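In order, the protein sequences belong to chains A and B.
This note's numbering puts the first residue of the first sequence at 1, with every later residue one more than the last.
This note's numbering puts the first residue of the second sequence at 1, with every later residue one more than the last.
Just so you know, the hints here were simulated from the structure itself, not pulled from any lab data.
What you are looking at is a predicted structure, and each value in this text was computed from that prediction instead of being measured.
Misleading hints may appear alongside valid ones.
[To be verified] Reference excerpt, derived from the structure (chain A facing chain B, CB under 8 Å, subset only): (1) V3; (2) F5; (3) P12; (4) D16; (5) I19; (6) H26; (7) D39; (8) S41; (9) Q42; (10) A43; (11) Y53; (12) E89; (13) K90; (14) Y91; (15) L93.
The beta-carbon is built from N, C-alpha and C at its ideal position, and this holds for glycine as well.
What follows is each chain in one-letter form.
There are 2 protein chains.
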Amino acid sequence: MIVTFVHVWVKPKNIDSFIQATIANHKKSIKEPGNLRFDLSQADDNSSKFVIYEAYISEDAAAAHKETEHYKIWRDTVAEWMYKPRMGEKYTLLAPIGMAVWE
Amino acid sequence: MIVTFVHVWVKPKNIDSFIQATIANHKKSIKEPGNLRFDLSQADDNSSKFVIYEAYISEDAAAAHKETEHYKIWRDTVAEWMYKPRMGEKYTLLAPIGMAVWE
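All chains should be modelled from the sequences, with the hints used to inform the complete structure.
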């Protein structure tokens, strides 16, 4: 099971639109067969800073996400709203282990 | 609903012990009434770097975590295994919203 922390920095005027577009992406992403989490959160000390916490059962499932229509729409829609490129950090899940706790 | 990303940097010789102690903390933390997530992951490019992704229904619930016996045991046990102090980043959850998706 793998995790990606996607760090995003959004221009102040585009914050509301970014949240809306990312929630739309969230709703479709959590229906992907290999998706475990797709949580969006906003930094308390910087309303322009977001983290998307993505968990997938495998590298293949995470790669498949990037081939979906909803991912591509999100990527192309939000690109110009960021004031610097987003950054993904790759992690491996150690707990919880076992699918039951994810369902 | 709130999130804390806890960043931890562990001395190489203490990595296995840290994982064990944190999984023990995870098992008890997820039973706290206000806890939504307590996920432990390890960076793919640095086996000394961990993130604990903690989600709670409220600030009060997150504060209550720090009063538990399992938190205090974890904090005191792992302190000397870190090569620099851990760092917590506070976020607010935007998605998913609604308790059902967390259960």
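Do the hints match the structure? See the list:
1. The interface hint given for A/V3 holds, since its Cβ lies 5 Å from the closest Cβ of chain B, which is under the 8 Å cut-off.
2. For A/F5, the suggested interface contact is upheld, since its CB lies about 7 Å from the closest CB of chain B, less than 8 Å.
3. Taken as an interface hint, A/P12 does not check out: its beta carbon lies about 16 Å from the nearest beta carbon of chain B, beyond 8 Å.
4. Taking 8 Å as the C-beta contact cut-off toward chain B, the hint placing A/D16 at the interface is violated, the least distance being around 11 Å.
5. Interface hint at A/I19: satisfied, since its Cβ lies 6 Å from the closest Cβ of chain B, which is below the 8 Å cut-off.
6. For A/H26, the suggested interface contact is upheld, since its CB lies about 4 Å from the closest CB of chain B, less than 8 Å.
7. Evaluation of the A/D39 hint against chain B yields a held restraint, the C-beta minimum of about 7 Å falling below 8 Å.
8. With a cut of 8 Å, the hint placing A/S41 at the interface with chain B holds, because the nearest CB-to-CB distance is about 4 Å.
9. Below 8 Å, beta-carbon pairs count as interface contacts, and A/Q42 has one with chain B at about 5 Å; its hint therefore holds.
10. Because the smallest distance between the Cβ of A/A43 and any Cβ of chain B comes to about 6 Å, under 8 Å, the interface hint for this residue holds.
11. Given the 8 Å rule on beta carbons, the hint for A/Y53 holds: about 6 Å separates it from the nearest Cβ of chain B.
12. Satisfaction of the interface hint for A/E89 is found here, the shortest Cβ-Cβ separation to chain B being roughly 7 Å, below the 8 Å cut-off.
13. A distance limit of 8 Å between C-beta atoms decides the matter here; for A/K90 the minimum to chain B is near 4 Å, and the interface restraint holds.
14. Taking 8 Å as the C-beta cut-off, the interface hint given for A/Y91 holds, the closest approach to chain B being about 4 Å.
15. The criterion of a C-beta within 8 Å of any C-beta in chain B is met by A/L93, whose closest approach is roughly 5 Å, and the hint holds.
Hint check: violations occur at hints 3, 4; the rest are consistent with the structure.
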